[in-house]
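**Q** Below, each chain spelled out in residue letters.
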Amino acid sequence: MKHALRLVLAAALLAPAATAFAHHSYAMFDMSKSVPLEGTVVKFKWQNPHAFIEIDVPVKGQTERWAIEMTSPNNLTNEGWKRTTLKTGDKITLKIHPLRNGSKGGSYVAVRKADGFMLGDWK
Amino acid sequence: MKRLALTASLALLLAAPAAAQLGGVTASPPPDGLQEGQSAGYPKGRYGALDALPDWGGIWFGQFRAGDAGAGTPKLKGDFKARHEAYRADVKANDGVVKRSKSNCSPPGMPGIMQTFQYPFEFIFSPGRVTINQEAWMQTRTIWTDGRTHPPLEEIDPTFMGHSIGHWEGDTLVVDTIGVNDTLDLQRGMGHSPALRITERIHLDPADPNVLLNEMVLDDPEALEEPFKLTVRYGRDRNGMLIEFQCSENDRNQIDEHGNTIFD
Chain A
1 MKHALRLVLA AALLAPAATA FAHHSYAMFD MSKSVPLEGT VVKFKWQNPH AFIEIDVPVK
61 GQTERWAIEM TSPNNLTNEG WKRTTLKTGD KITLKIHPLR NGSKGGSYVA VRKADGFMLG
121 DWK
Chain B
1001 MKRLALTASL ALLLAAPAAA QLGGVTASPP PDGLQEGQSA GYPKGRYGAL DALPDWGGIW
1061 FGQFRAGDAG AGTPKLKGDF KARHEAYRAD VKANDGVVKR SKSNCSPPGM PGIMQTFQYP
1121 FEFIFSPGRV TINQEAWMQT RTIWTDGRTH PPLEEIDPTF MGHSIGHWEG DTLVVDTIGV
1181 NDTLDLQRGM GHSPALRITE RIHLDPADPN VLLNEMVLDD PEALEEPFKL TVRYGRDRNG
1241 MLIEFQCSEN DRNQIDEHGN TIFD
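Protein chains in written order, with the numbering used here: chain A, 1 to 123; chain B, 1001 to 1264.
Chain B with its partners taken away, still in its complex shape (with noise of 0.2 Å):
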C-alpha cells in the first residue's frame, strides 16, 4: 500500500510539469512601436552595422575626481524631504553609521547601480540593444535600441533597474529609463516615487579616449523640485575582466534587526 502511495505521488510529481504548463514556451507579442520581425530579437543580418558604434571595449571602473560626482544633491520635496531629514537624523544619533532596510546582498538598482566604484562595468553591443553586465551583485541591465518605445507606466512592473530605451546620437548613446521600484534609493537615504525618469548620455570623453562619461539626469516631478545632474567617469582596463559576485557565498555583513550592519 505505501509503495502504491509513493507510486502514486511519483506519477503525480513527473505529470505535475505539464499540468502546470512549466517548461511552455510563450510566445510574446512584439513590443510597443514594433510590429514582427523588426526586435532584438530577430538580430540576423544586423551583426554588420554594430561595427559603426564607438569602441568601448574593456571593462570599465567608476572613478571619483574632485568636483565631479557628488557635486551637489538632489532637492528633495514634500513627504521625500521630511524622510530623509528623518534619516539624517537618525543616522546623526546612530554615530554616523547608516542602517539598512534590505539586505547588503540586495544591489541598489537604478540610478545606484551605475555609480558603483568598486566594481567594475562592462558594455555588450549587439543588434537592437546594448547590454551593461556590473560586477557588482552580478547585476545585468538591458538598453534596448531597437526603436521600441516604452510601454505605458502603469504597465510596466517596476523593477530595480527600470525599463530602458536607448538610441545613438553620433557617438552618444542615449538612455531613458522609467519603471524603477520606488522602494529603492535615489541616493542613500533619498527616496524616489514612481514617476522617476532617469535620462543618461553616455560617451567617451573627448579628451581621453580610456575614460567613459555617463551624463546623468534624475527628473521626478513628485519627489523632486528640480531635476538633478550628475556626471559619473569611468575608467578603462582594456583586458580586464569582472570577476564572479555570489554575495550569498560570502555574506559578512548581514544586516540585524535594528537594521545595523554586522560585522562578521
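Chain A on its own, in the form it takes in the complex (with noise of 0.2 Å):
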C-alpha cells in the first residue's frame, strides 16, 4: 500500500490533467523538488480531507512557522500513521515538496523523529 501510495503521488505529478480526482490539484506544489525540515511540532491535525503538521523551524535566530500538508488519514494508515504518531513538543525531521510560490508551506514526503523513528520516503 505504501507503494500505492507512492505510484499516485508520482501520478499526480506526471500526469496532472489525467483522471485523477484528489481534494485539489498537486501543482501548487513543486513535486520535482525535496527540502529538509528541522523542527518542533506545534501541531499534528488527524483529519481528513488532509492531516497538517505545523512546525515551527529555527532560521537564524528566528522562528518560521511552516504547514506541511499529507495525504489522507486513511492512506497514511497504510503507510504505518496513527493519531498519535506526532505530538506537540516533538522534535522532527521532515522531507517536503515545497510550494511553487514560495510560502512556507509544502507536501510532506518523510518524517524522522528524534528517537529515530522513520516513515516515508527517504531514498
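Honestly, the hints are just simulated from the structure, not real lab data.
DSS-like, lysine-lysine: derived pairs with alpha carbons at most 25 Å apart:
| hint | chain 1 | residue 1 | chain 2 | residue 2 |
| --- | --- | --- | --- | --- |
| 1 | B | Lys1099 | A | Lys33 |
| 2 | A | Lys123 | A | Lys91 |
| 3 | A | Lys45 | A | Lys95 |
| 4 | A | Lys91 | A | Lys45 |
| 5 | A | Lys87 | A | Lys104 |
| 6 | A | Lys104 | B | Lys1092 |
| 7 | B | Lys1099 | A | Lys104 |
| 8 | B | Lys1077 | B | Lys1092 |
| 9 | B | Lys1099 | B | Lys1081 |
| 10 | A | Lys45 | A | Lys87 |
| 11 | B | Lys1092 | A | Lys33 |
| 12 | A | Lys33 | A | Lys95 |
Got two chains here, separate frames each, mind docking them using the hints?
**A** Quick look at the structure:
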C-alpha cells in the first residue's frame, strides 16, 4: 500500500491533466524539489481531507512557522501513521515538496523523529 | 406589551411548522417502470437473494497502474474543446497551477467521484439498490437495481451524482447514469453537456479477487467526438473503514477571488 501511495503521488506529478480527482490539485507544490525541515511540532491534525503538520523551524535566531500538508488519514494509515504518531513538542525532521509560490508550506514526503523513528520515503 | 408581543411571536413560531407543512410526510408515486410494492422501498422478503451476489466486502482504494487510467483523454468538440484549450492556456500562464471555480470542499460529482485515489469506497448491497459510500466528501451514490427506468431527462433535477439505474449481468454490475449537473467537470478543465451518459461495468478482476475493475464509458454527443473509455482499478482492504470527512472542519485550501487554491 505504501508503494501504491507513492504511485498515486507520482501519477499526480506526471499526469496532472489525467483522470485523478484528489481533494485539490498537487500543482501548487514543486514535486521535483525535496527540501529538509528541522523543527518542533506545533500541531498535528489528523483529519480529512488532509492531515497537517504545523512545525516551528529555527532560522537564524528567528522561528518560521511551516504548514505541511499530508495525504488522507486512510492513506497515511497504510503507510504506518496513527493519530498519535506525532505530538506537540516533538523534535522532528521532515522531507517535503515545497510550495511553488515560496510560502512556508509544502507537501509531506517523509518524517524522522528524534528517537530515530522514521516513516515515508527517505530515498 | 413587550411580553405580549414575545408571546405572540413565540406562538407564531410554534405554529409555523404545521402551517408550512414542515415535517409533513410525502407519499411518492412508484418509480418509473414499477408498480406499487416493487421498488427498493419494499425490501422485506428479498434479503435472501442478496447472497447470490458477488463478494465485494471491505473497502476499496482507487489505484493507478501505468497504462490503466489516464491512457488517452476525451476528444472534445466545438465550444467544449475551445473552453478546454482556454483553460489549458490559463493553467500554463499560471505556472501550471490549476484554478477552481468552486470550493475545494465541493465534491467533483460523476464521473470524477469514482476516480478518487486518496479516499476509499464501500459497496453496500440491499434489496433493489446498491449504495456506494465514498470517504471523499462523505458522498453517497445510489444505484437502483429494482428494475425502475430513468425518468425522462427533462424531468430529472440535475445533480452531482445523476440518476443511476443498474442490473446484474452475472457477477458484473452494469450501471447507467444520466442527469449529471453540467457545471461539473468530465475531467479537470473539461466540461460536458446535460446529455452526458455514463455507463459502468463493475466486476472483480478474474486475475485477482482483491481487485475490482470499473470499466467506464463516458458518452456525450454534444461535447465529445466519440465515447471515452477508461478503466478504474480498486484494491481491497477487508477490515478497513471509511474515515469521517467533514471538509469545513479542516478547510485549509480555500479559493481566493482569482480561483487560486490558498494554502493555509
